[in-house]
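Quick note, the sequence shown lines up with residues -2 to 423 if you use this note's numbering.
Check each hint, because a few of them may be wrong.
What the hints assert, rightly or not - Label-pair ranges, simulated between beta-carbon atoms:
| id | residue 1 | residue 2 | range |
| --- | --- | --- | --- |
| 1 | V386 | Q319 | 37 to 45 Å |
| 2 | G183 | P229 | 25 to 33 Å |
| 3 | G236 | S186 | 44 to 52 Å |
| 4 | R73 | Y197 | 19 to 27 Å |
Simulated from the structure, these hints should not be mistaken for lab results.
Note that the coordinates shown come from a computational prediction; the quantities given were computed from them, not determined experimentally.
Where a beta carbon is used, it is the ideal one built from N, C-alpha and C, also for glycine.
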Amino acid sequence: MKNKFTKNWGLKLVSFLFAVLVWIVVTNINDPIQPLPVSDVPVTIRHAELIAERGQVYEVLENTDVIDTVTIYAPRSVIETLDKSNVVAIADMEELTSEDTVPIKLSTNKYNDSLESIRGSIDSVKLNIEDRQTRSIPIRANVAGEVQEGYMLGDISTEQNLIRVSGPESVVSQIARAQAEVNVSGFTSNINTDADIRLYDENGKEIPSTALERSITRVRVNIEILEEKTVPINYIFSGTPADGYRTMGEYESTRNNVVIAGRSSAVQKIEAIEIPEGVVDVTGATENVTKLIDLKEYLPDGIILAEEDFNGFVNVTVYIGQEMRRSFSTAVDSIRIVGVPAGFTAQITDPERYCSITLLGLDSELVEINMNTLEVSVDVGAWLENEAVEELESGFYRIPISVSIPDGSAVVWEEQEVQVHITEEQ
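With the sequences and hints as input, model every part of the structure.
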């Protein structure tokens, strides 16, 4: 029996090897090994929380969390059942190396044991690992464009003042400002809108937010639009200069009008900015009076000054001049009598033949008056009214004279009386 198994053993071994070879050849002919290339395979990173637990954050470098090409080698019968969705790429943070790389393990979610091999164009995920930093940054509202002509920007505010940003220290430390921008072109009324919050470095370059965590990404911005209007400034002077001095009827101001702004309903009601009595007081003055006035104190509620280069202060100067005296003489019999009541006659009976009349005024005013053209008169009717005389009787009366000063002149005359004989007609 033993001889049957051992007899011609070499021939039997050759036959066995030949049978295996035939089987392999037949198998490769019927179900050969084929490659299956798959593009852009994403890598799943596991246990990423291990980095966060260390107070750090990571960034994938060189897009190594996507494998450009994965090639699967397997029998044709297996290859025909596989596609990109069956490829599994895992990078486990528990296997993080000292060079901050994580090996990629490739497999398929079916027929994995039937694969001859599976290889990727890269074999590890490259990371940049940094300490995590968190900052709170003020949000600043900014506007682009110009509102419609005749309008200006008022208060600009955001409903939230801070944004909290977390991420790699090297990125977070570059943030210089957080800004929400709104375009105001052509607007004439208030704007209330939500705007994206963008982060910028000190050079005004926007910082990408892909590596950052933000508490908010948008914020409500409220922008006040005010109507502008140019109005005059009205000054009301008060007080009386010292004896012998007068206001010259002139003043000088560094501003006679001003541009204001506010809500349309309020602006349209304003015709002028009024500086009331008592602000510029010339009481007892013997020289020009200059007053520095802050217009902001006299603006109505809700109204502001609209000129950026004007701080609201104006200088007003009231000119004060010394009163001068000029006298001239007129014949008493040349003085006209007017305003005599019906039924009476009047005649000047002053014992003096000439009457001296003194005019009071500023020198610049007095030189403008031609003394030779002035008319002097006695107005009986005006005297009766001033004295409240209800019943006139015949008699001698002292009645003040009047001088015909040209219209618009501030010159006055010192009171002078002449004797007038009034007689009731029979």
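Hints, one by one, checked against the model:
no.: 1; hint: V386 x Q319: 37 to 45 Å; verdict: 38 Å, holds
no.: 2; hint: G183 x P229: 25 to 33 Å; verdict: 30 Å, holds
no.: 3; hint: G236 x S186: 44 to 52 Å; verdict: 46 Å, holds
no.: 4; hint: R73 x Y197: 19 to 27 Å; verdict: 57 Å, violated
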